[in-house]
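Take these sequences, add in the hints, and give me the full structure.
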Amino acid sequence: MSNPYQPIPATILETHDETPNIRTFKLKPEREIPFLAGQFVELTVPGHGEAPFTPSSSHFKRDTFDMTIMKVGRATSALFDLRPGDRVGARGPFGQRYPLEKFEGKDIYIVGGGVGLAPLRALFLALVHEIDKYKRVFLRYGARTPADIVYKHLLPEWQKIPKVDIDLSVDVSDEKWMKKVGVVTCLMDEIPCDEKSSIAVVCGPPIMMKFVNQKLLDAGFQGSNIYLSMETNMSCGVGQCRHCRLGPYLTCKDGPVLTWDQIKNIENPFA
Amino acid sequence: MGDYLLSKSNVHQWLSKLLARYAVFVPIQVEKQTHWHLLEPQDLETEPDAITPAQRRIRASEPVKSFMFQPRRQVASFPDPLMPEPPTPRLLLGIKNCDLIPLKVHDKILGEGEFEDPFYLAQRKNTLLVVADCPEPEKSCFCNLLGLTPYAMEGGDAVLSVVDGNWLLSVNESGKGLIDAAPELFKELREGSSEFARRDEQRHAALVTLNMTNAKPWNPDLAGAVAARLGDTAFWNKHAETCVECFGCLMGCPTCYCFLLYDQAKGAGVERTRTWDACYEAAYARVGGGANPRAEFIKRFANRFSCKFSAFKTDHGMYACSGCGRCFKACMGKIDIRKVLGEL
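Residue numbers (the numbering used here), protein chains in the order written: chain A, 15 to 285; chain B, 5 to 348.
If you are wondering where the hints come from, they were derived from the structure by calculation, not from laboratory data.
Source: prediction; values computed, not measured.
For each residue, glycine too, the CB sits at the ideal point set by N, CA and C.
Mixed in with the good hints there might be a few duds.
Claimed, not checked - Beta-carbon label-pair distances, calculated as ranges:
(1) B:157 / A:142: 54 to 62 Å
(2) A:279 / B:25: 47 to 55 Å
(3) A:45 / B:266: 38 to 46 Å
(4) B:287 / A:119: 38 to 46 Å
(5) B:239 / A:231: 54 to 62 Å
(6) B:159 / A:281: 56 to 64 Å
(7) B:239 / A:158: 37 to 45 Å
(8) B:287 / A:221: 33 to 41 Å
(9) A:173 / B:249: 51 to 59 Å
(10) A:279 / B:215: 32 to 40 Å
(11) A:221 / B:346: 34 to 42 Å
(12) A:25 / B:158: 20 to 28 Å
(13) B:248 / A:101: 42 to 50 Å
(14) B:176 / A:74: 46 to 54 Å
Said to hold, decoys possible - In the EDC-like style, the derived pairs of lysine to aspartate or glutamate whose C-alpha atoms are separated by at most 20 Å in a straight line are:
(15) A:267 / B:116
(16) A:267 / B:111
(17) A:267 / B:118
(18) A:278 / B:340
(19) B:317 / A:100
(20) B:270 / A:100
(21) A:42 / B:116
(22) B:242 / B:340
(23) B:112 / A:268
(24) B:303 / A:281
(25) A:278 / B:319
(26) A:267 / B:319
As the list claims (entries may be wrong) - To list a few chain B residues with every Cβ distance to chain A over 12 Å, as calculated:
(27) 79
(28) 176
(29) 225
(30) 268
Structure, rendered in structure tokens:
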């Protein structure tokens with residue numbers, strides 16, 4: 015019998031600073047962690063605790079995986095002190111994957127805010143890996159300032175992929191910024207896909223999720239087609255400890271991605 | 005497997021035989037409370053008359069879950085992995101139905117499904133359970149309101165009824181070892197034996213007592229009623245008025261299974277510990293970035309009722325409560341769960 019609380023060692027192969035406080039870690043686990051886009055992994059920073067993160071690399075390559083992480087608390091601060099060659103712990107995958115079979119033949123409208131683009135990148139890479147299965151992939155991404163944009167070096171390459179359409183905004187621009195200025199919903203005034211049948215996928219800070227979700231509903235998206243990454247206190251990862259309870263769901267087991275139809279009756283789900 | 009009678013004069017001899025096979029825990033009375041006690045051979049000499057009366061008392065103060073789902077235990081280590089060591093065979097002689105039912109809750113969460121807890125299962129599988137009838141329910145008991153009985157209808161390895169000081173044991177196949185330890189001490193009972201009638205009278209009397217203490221049934225759709233009231237802050241505020249957030253109700257609860265995992269550096273490695281947690285704790289649902297969906301205590305108070313009487317019923321077909329009354333007995337604010345639920 016396996017022990018669900020036991021992490022396996024994973025070595026940090028390399029790191030890449032995305033912004034002053036967001037870093038991508040490339041990890042090589044001792045054994046492959048067979049995640050699919052949408053699922054998450056509990057990352058142990060030895061001696062400092064554990065926190066849940068969704069891999070941000072493609073599930074088509076799993077001998078290593080990336081995690082893009084913001085320095086925000088005790089465990090992540092300690093993680094930022096680690097260097098290539100250091101070891102962390104990982105256990106998973108946990109939670110539910112995106113039901114990609116339901117996305118086939120449809121437009122996929124992805125909206126990310128800040129470091130929320132990290133888990134969406136795993137989905138984006140899974141989609142473009144088999145781009146022929148999908149109609150088009152839209153990515154709308156907002157960050158606080160141009161310096162806060164993650165994957166700056168990758169975005170120009172992604173834009174070249176056929177059937178992919180990317181647009182960006184920042185809350186506060188600098189002199190070099192040529193795109194829109196405003197919160198990410200300013201990119202959503204015109205949604206160039208069929209709202210009735212298209213899939214929307216959203217991840218970002220709670221307040222951003224709330225307004226993006228409302229904008230999607232106003233535009234005519236179906237609640238069952240809006241996929242939202244819910245941020246709760248996922249601790250055990252295996253549906254036991256109950257810290258992540260959200261209405262009738264345990265987000266670590268039933269989520270972390272839930273549709274609007276699933277959570278619409280929960281009081282203040284974006285609290 | 006069968007029904008057996010152990011006369012009062014043979015009880016201690018049987019217990020001494022059991023000690024050779026198991027670590028035997030029995031309830032004993034300490035002042036006004038009943039507590040679990042690891043039976044030692046000398047107890048059979050020094051306290052010969054204490055064991056049988058304690059079997060008739062209500063459940064011990066400590067919930068039985070503590071034997072399988074310990075309040076604190078190491079569950080992982082890093083980088084070298086930890087797996088459970090084979091536990092010593094144990095016998096809990098005299099748990100009550102209000103502690104047996106909660107083990108079903110733990111079985112569902114920790115013992116079934118995609119992720120099983122090897123530490124819980126190792127202890128659970130190595131522990132024999134003898135479920136004693138509860139002929140003298142107290143004012144704090146309310147198993148009847150949950151549709152439960154003060155005796156086991158199913159489950160456990162044997163059922164014990166103390167009748168006129170003698171021990172009547174109904175043993176399942178899994179409890180065969182209890183009789184095999186000393187078969188010469190038992191008389192097998194045939195259907196229609198007078199002991200069964202005495203046992204049934206005793207059980208009926210206990211039910212009558214419970215039905216008098218807790219006469220008004222709860223809303224038959226309790227799960228729906230709790231869910232409908234979840235946002236009614238005034239209702240929960242009224243009932244939470246005297247709560248001092250000591251978490252006594254949660255720590256004493258035989259069904260609560262929330263836990264916290266935390267890591268501590270040990271030498272060059274790390275030890276991961278699991279400890280019971282309390283959903284009343286302010287930081288319980290708080291996320292790394294600081295957001296907290298239940299920052300106000302009243303939301304946490306309502307969440308406890310929603311979890312036990314609505315969500316668990318919906319997800320698993322049973323309430324996460326067995327009516328043991330420990331929450332009420334532990335409460336410094338004298339909050340009676342029966343009063344809260346009785347108003348729904």
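Cβ separation of residue 279 (chain A) and residue 215 (chain B), checked against the hinted range 32 to 40 Å: 37 Å, holds
Pair hint residue 303 (chain B) and residue 281 (chain A), alpha-carbon separation not exceeding 20 Å: 11 Å, holds
Verdict for residue 287 (chain B), residue 119 (chain A) (Cβ pair) under range 38 to 46 Å: 45 Å, holds
47 to 55 Å as the expected CB spacing between residue 25 (chain B) and residue 279 (chain A), which holds or is violated: Holds - the Cβ-Cβ distance for residue 279 (chain A) and residue 25 (chain B), about 54 Å, lies within 47 to 55 Å.
Given hint residue 118 (chain B) paired with residue 267 (chain A) - CA-CA distance at most 20 Å: With a Cα-Cα distance of about 10 Å, the restraint between residue 267 (chain A) and residue 118 (chain B) holds, given a limit of 20 Å.
Range agreement (Cβ of residue 158 (chain A) with Cβ of residue 239 (chain B), hint 37 to 45 Å): 41 Å, holds
Range hint 54 to 62 Å (beta carbons of residue 157 (chain B) and residue 142 (chain A)) holds or violated: 58 Å Cβ-Cβ, so the 54 to 62 Å window holds.
Restraint check for residue 267 (chain A) with residue 111 (chain B), where alpha carbons must lie at most 20 Å apart: 17 Å, holds
Residue 287 (chain B) versus residue 221 (chain A) beta-carbon gap, inside 33 to 41 Å or not: With a Cβ separation near 21 Å, residue 287 (chain B) and residue 221 (chain A) fall outside 33 to 41 Å, so the hint is violated.
Status of the given 46 to 54 Å range, CB of residue 74 (chain A) versus CB of residue 176 (chain B): 52 Å, holds
Hinted pair residue 317 (chain B) and residue 100 (chain A), Cα distance within 20 Å: Outside the cut-off at roughly 46 Å; violated.
Assertion that residue 268 (chain B) lies outside the chain A interface [Cβ separation over 12 Å]: Violated: least Cβ distance 7 Å, not greater than 12 Å.
In the structure shown, a violation is registered for the earlier hints numbered 3, 5, 6, 8, 12, 18, 19, 21, 27, 30, in ascending order.
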